[in-house]
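Protein chains in written order, with the numbering used here: chain D, 3 to 493; chain C, 3 to 493; chain H, 3 to 493; chain G, 3 to 493.
Take these hints with a grain of salt, some might be off.
You can't tell identical chains apart in this list, so a pair holds if it fits in one copy or across any two.
Stated by the list, open to error - Taking lysine-lysine pairs in the DSSO-like style, the calculated list, with each CA pair at most 30 Å apart, reads: (1) 408 / 436; (2) 382 / 331; (3) 465 / 427; (4) 331 / 54; (5) 37 / 331; (6) 465 / 341; (7) 7 / 408; (8) 17 / 452; (9) 468 / 427; (10) 382 / 336; (11) 129 / 7; (12) 409 / 41; (13) 468 / 202; (14) 460 / 392; (15) 321 / 483; (16) 17 / 7.
No wet-lab data here; the hints were simulated from the structure. Source: prediction; values computed, not measured.
Protein chains: 4
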Amino acid sequence: MQTRKDYILSLEADKWLFQADMLVDKAHVVMLREKGILKKRDVVAILNCLDKINSDYFVEHALPSYEDVHTAIESVMIKEIGEDIGGKMHTGRSRNDKVATSIRVALRAELLDIIKSVNELRAELLKQAKANIDTVMPGYTHLQHAQPTIFAHHFLAYADAFARDFWRLMSAYEYINVSPLGAAAFASTGFPIDRERTAKLLGFDSVLENSMDAVSTRDFVIDVISCYANLMTNLSRLAEEIILWSSSEFNFVRVHAEYVTGSSIMPQKRNPDYAELIRARTGTVYGSLMAVLSICKALPYSYNRDLQEVTPHLLQATKTSAASVSVMKSMVEKLELNKEEMAKQAQVGFTTATELADTIVREANVPFRTAHAIVSDLVKEGVALKDNGKAVLSELDTFATRHTGKKLSKRGLTEKKVNRALNIKLSIERHNAKGGPAKRELRRMLRARKSDLVTDDKLIESKDYKVGRSLDELEREVKRKARIIKVKKQS
Amino acid sequence: MQTRKDYILSLEADKWLFQADMLVDKAHVVMLREKGILKKRDVVAILNCLDKINSDYFVEHALPSYEDVHTAIESVMIKEIGEDIGGKMHTGRSRNDKVATSIRVALRAELLDIIKSVNELRAELLKQAKANIDTVMPGYTHLQHAQPTIFAHHFLAYADAFARDFWRLMSAYEYINVSPLGAAAFASTGFPIDRERTAKLLGFDSVLENSMDAVSTRDFVIDVISCYANLMTNLSRLAEEIILWSSSEFNFVRVHAEYVTGSSIMPQKRNPDYAELIRARTGTVYGSLMAVLSICKALPYSYNRDLQEVTPHLLQATKTSAASVSVMKSMVEKLELNKEEMAKQAQVGFTTATELADTIVREANVPFRTAHAIVSDLVKEGVALKDNGKAVLSELDTFATRHTGKKLSKRGLTEKKVNRALNIKLSIERHNAKGGPAKRELRRMLRARKSDLVTDDKLIESKDYKVGRSLDELEREVKRKARIIKVKKQS
Amino acid sequence: MQTRKDYILSLEADKWLFQADMLVDKAHVVMLREKGILKKRDVVAILNCLDKINSDYFVEHALPSYEDVHTAIESVMIKEIGEDIGGKMHTGRSRNDKVATSIRVALRAELLDIIKSVNELRAELLKQAKANIDTVMPGYTHLQHAQPTIFAHHFLAYADAFARDFWRLMSAYEYINVSPLGAAAFASTGFPIDRERTAKLLGFDSVLENSMDAVSTRDFVIDVISCYANLMTNLSRLAEEIILWSSSEFNFVRVHAEYVTGSSIMPQKRNPDYAELIRARTGTVYGSLMAVLSICKALPYSYNRDLQEVTPHLLQATKTSAASVSVMKSMVEKLELNKEEMAKQAQVGFTTATELADTIVREANVPFRTAHAIVSDLVKEGVALKDNGKAVLSELDTFATRHTGKKLSKRGLTEKKVNRALNIKLSIERHNAKGGPAKRELRRMLRARKSDLVTDDKLIESKDYKVGRSLDELEREVKRKARIIKVKKQS
Amino acid sequence: MQTRKDYILSLEADKWLFQADMLVDKAHVVMLREKGILKKRDVVAILNCLDKINSDYFVEHALPSYEDVHTAIESVMIKEIGEDIGGKMHTGRSRNDKVATSIRVALRAELLDIIKSVNELRAELLKQAKANIDTVMPGYTHLQHAQPTIFAHHFLAYADAFARDFWRLMSAYEYINVSPLGAAAFASTGFPIDRERTAKLLGFDSVLENSMDAVSTRDFVIDVISCYANLMTNLSRLAEEIILWSSSEFNFVRVHAEYVTGSSIMPQKRNPDYAELIRARTGTVYGSLMAVLSICKALPYSYNRDLQEVTPHLLQATKTSAASVSVMKSMVEKLELNKEEMAKQAQVGFTTATELADTIVREANVPFRTAHAIVSDLVKEGVALKDNGKAVLSELDTFATRHTGKKLSKRGLTEKKVNRALNIKLSIERHNAKGGPAKRELRRMLRARKSDLVTDDKLIESKDYKVGRSLDELEREVKRKARIIKVKKQS
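Looking at chain D on its own, in the form it has when it is part of the complex:
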């Protein structure tokens, strides 16, 4: 049974924010000292106390008794070192800017991981594509066999979709990695704080200037969850295909044992539960997005308590997306293809009909619509478009005469050309326009995508490195500011 006090808490979110909150406290205190706003000895006490608080024990046992993580830290500190000193940590700051800053710090770390994970998924897709540059499969539109294609082409399509997710997430990162710290309640402060300094110590790229904007906005949350929604949509489409492909009817792939489960009642089952959960959790992320949008709509400036309710949704969407990318990556890595069945199905359903129509256009100089109509008649009659060019040509002549009054064989179409059109591998090879499934294009795209991935990996590593270096500097400053007096104390 929830109590009144429970209603105001969001404990999971507060736990998530704890480490970030610690960093924000440290950076703020270091700056207060540097600007001479706090005295040396107060800073030493505060920093040492923060160090003591920074523990799993605090998170599990102390934090839950307070209204939020910020209050918890400050209250425990006051208990430890007295209000006289402990109360000063909050100088020139408010919960409003602190929470906005902590969310950004916590989210940034997760986001960097997700982005790396997306790149790992891209790498796996490229690997599978490379390994399957000869694997023929039916290509679908409307879940109907349309034209034959190559598995590599299919997975390269996904790799490109996830490359765009990479870029979208990188843009979201830019909006996130700015510092609201120092905006205080919304009107900044009369203390001579240095917002650039705390921003630098916390690894932010810049300061989010306007102090009212800084505490009021959660547009970066909407932005990043929108990116997750797009990413999850892409994942859900791949998951759906894996589910279809691993059905008895398709039988194109075997999902690795780690990613299927059995049934409590049906011993023969290999259920693609992981793929189903990725599909389902896409809905969960949509729900988070809808929740955050509804919460933020029509809120007057500046801070309102409603914004607290945004954070758990951000957390949920972030964790869900991170785990989903990671699961998909391993599932793709271990996916076994049933190439034989794919190749067999590529023959079924007249997938070469388009090629045949195109050949008629090219070779017999017939308008596309007419060629389409001739082949359509052929298909409706149930003529198998498999191998017998001679038989097919003869049928085509019959239908062409109906449509155009003239046999195609009189317009230059030959048995050989029909045979070439009906040959799946040749047909695919002819599709060598930019981005098509012909081997030359597949090879070119594979090379280009791998090269892109190297560049993209470097970019994300550079972001990660920059943050890491700043946080290292912060820790050094914290140690230095805490040590000096310790030495003095010893003397």
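Based on the hints, put chains C, H and G in the right spot on chain D.
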């Protein structure tokens, strides 16, 4: 009563796509000719026929009888110039890539307009901010008076939020302005088409390479509607404030007569209907986003008819966002402020309490939490924090003694300092940290934002110009390709 | 390009409301006359003028020039018969209660149609179920073959789901069919109006009493769109199965030619576009729901202009749901089953494994988990569970010995019993628990569902009849009130 | 860092289901014994083991190591009493029907609580309404003063809205309280189970018959979260008003200290955090609804793992709604009104303008539109509509002459009548149409609503009682079935 055939239509979307479809047809035909895939005389016939089709009459009267805009154009063309020639326009192309291309072309034009409109709104906000750099108002958190601030600070916060919307929309533009044309059904084509050429003629920045990706993805739609959702959220917050401010209780602003309506039953009403509709239509855009996400979830590759249902939502969200930005811009432009009432309210509710607490911290060297507690007691006792520094100091001394055993006046707090803290204008001026409401900061931000806006305007103009130049080239090519033969014909 | 005035319009919604608005006007005027609030001659003039206005011409040509349908009618009336009389129609009423009433009247008619349509779909599902009481098919969990079942069982499941939709929509009807008329702006009126009388004349079941509640609430819209969302979810699941079943890989059904389309480029395609669109439009209805919720959230009482934006979403969701049910009904009616393929697939994938395990439990008195483990081993070894009971028993003995140290044949399991377990038809027949696929249960359910449907049809007809009778009375009163004076005039 | 195994868990949901799962196990085992499917001694062992498992320790320490709650219970049981006996509990059942049943049992209990809570809120609203049957306040449309009203009228409107929520939740209850148990994986079972018996033992109203439907559907979840969404929307509107009313500008109410929080930086703040959180959590429930809809869309029959992801959203929406109703109830109970300020504001903004126009219609026989125009002119001129009937009449005459060529005082309008129209209390009393704010109507509605509430309370209590009686019977049966052998053992 809907018929079965109606169910498959999306007429409004098709009308929207018509002009884009025309451009795509032209670019495709020009390229087919340049690559020698179509003959001169066929191209002349096709281009002249396209010119004839390009009319409002066609959109209103012919289009509705066909399954979609693509079919309508092709069918009418075949009727006009025969299947022999008219049927050839479709060579090396499918409805799948055509519709994906047309959506991008149509959306791009709208998006450029929206982005310009956002910048106009930013300009109006900056104008109002500049004009109100001395307008004192209460700043709110939780809709409670918190601290006094300056109207310019408030509107600069919005200007910064819309600046981020500008950048988000610019990123969305990048994902939109790539060409899927030539992907055909999903497997590209065996015809020697030139995808770069059609991309160039249509003003695209590049080719969306993988042909399966090109027809399957609608991530750019999710992306752009997400941007709209963020933009509308920002608009809804400003709309909410305008509604609040124009209430009898706030009485801060007078919305221009063009943006209020009367009541059929209450003659005295000045209802802020436009602001209410902006707020409401934010929900409409959320609905579009949710619809598109749900539709795209778990669709197997490549094209599925479901994607058709995405377009009307894109259209609705685009039109709604465009109109909302534009209405807000004019409403802001014509907003009259009741500065007197704002200033009066800035005095109400102890808005200087924070400043007083901060002063106690600074001047009497008391920890923030203690100062906070002292002022809190004062407020609870109902002491008016208005002008009488002497009386306030005396009360403060009483409470300070309770908390710390010592009077504040013994710690260095003077009547003069209390008076300074209680003075609203001085209090605001002291908030001169980066991004705060002090005049120096407001002036600096105003200058910087104006300068940013100039740069941003140039950027969007350069995009617009680049597209325009390409489309001009396309028209020139169309005219040239149509004229040459005409000349020959004359000879 | 939208103008400022366009922004305030919702023309499609206003057109939709026109007929309802006419009825509301008539009922209001009749009541005003009956209560003596308006004079005879004024009422005659008003009613005759309303009769004149009631035309397609008005809707297409006059309506679009006004702010909304209510204003349009009143303005045209004043133009026609002067403000002195025309202005009186609005006595004791406001746009707020009028629009709330018109929406309910318009929606009620659509809803009655949708409910009937749902029942027609149930009838078709029952027909197909009856015709396929012997059609064996694989039953799926996780899209994996699980156990064999009967097509009738599958479609009876859908019939039951849609029966619940029937009941939910009937409940929604109850919330809709109450009259807000007479609530005026929100505070009712000082005129001695009779709200019960107008409610009765308009076919409402009762009066929505509290006048502030009456104009403020749109909970009935949220309610009915939620019902649509549930209904569409059910339709989307059936649509998904039809799409899967009509794929080349499943090949279970042939969708009627009216509900497939060809491809512009692939002549062999039979794309299940209608099923795909039903699936997609489910997302559209979700979007409408999300929009309406977001719009209504946190609106203070009473009426706000935001509520205008609710109506177009209601209209869209209503039309979409109505058409989708109707399309599904015809598609199901004309669905051809490939029974041979279904039966063949029912054999694939060890669907009788569960039955075999159950048999071991029953006959050899082995715990379920152990039996499950034994059969699981068998399946993993790839033993075909088809027909050879002897071979299977021998294998089972081997695995049973491993698990339990004892052969199953020593515990009472016989070749005959194994054979019975492996026989699909027998296996299904044994599943005769309530609601199972055994023929006895199928027959019982078919009978019960048909009988329920008869009752449900009567219920909806009685609602329809009651409304119709009231509207007839209204028309009679209108004619009488208009005629009496005419007669007098003649005399 | 999440592991692969974590991805498949939904621990919070499983903990929530634990007690329900226990009940389902017991009912199933009792029935298996009654039908002779399990032997006495096995049943004794199983039931005693279940009793042992039923502990907080199990939930906190054993449960998290297993895939789900069902697996956890069974696995621990097998560990305790061996597979030979422990494995038999699962006879004739699957996880698919078990989880569907457990969700319904767990949800039912929560729902009964929520419904009672809604009725408590209704009771508080009626109490406040009764206490404020004389409290005049301004009534708003578009957040503009419209007409004066009575606070009781306002809160009665909310009471009526929540009464509809009561009925909607009661309907949802009907769809929830049916038993899927015995449907097994989806094809029921060959064991001679008795589904009616388990349904009865578990307090269900009936059996959800079709076994495929029983495990596939989650429509009851969509249904109940839709009801929550409607309920939360109503709560959010009341929360919004409380936030507005407690602002310094409105100053209509004082929220009890338990439901406000202070500020870390602004000592004077009384932030209505609870009301803000209710408003925000409305968005959370919308998110849950959207998630569940997206997850269920287009799932083929029967069970898919996606359905697992539905439960956490159901849990979240249920807990959030339950707590929000309860918080609102207490907040309303302790709300203090500032009647003086309300009455003062009721005078502001010409709220009697409508009444004045109506009076002109009635007394001077002028059409409503004309009267409206006359009063409108008056208002625009800024004439105060307060007390001076003589002055107002003179002005009215001037404007009336302009509009109609005749003074109103020549048409029967007197100073006394004008004064009566301008008197707020009299004006409200005149609004005595059904549902209006006149005292007679308020009293009538108060009486009727209280009486309804008594009936509604009885209805929910009868549901609760029926469930309780069944569960008591279940416990008795469990004890009897476990005791018999114990007795034998003793002998």
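**Message:** Which constraints among the numbered hints does this structure fail? Numbers only, ascending.
**Reply:** 1, 3, 4, 5, 6, 7, 8, 9, 14 and 15
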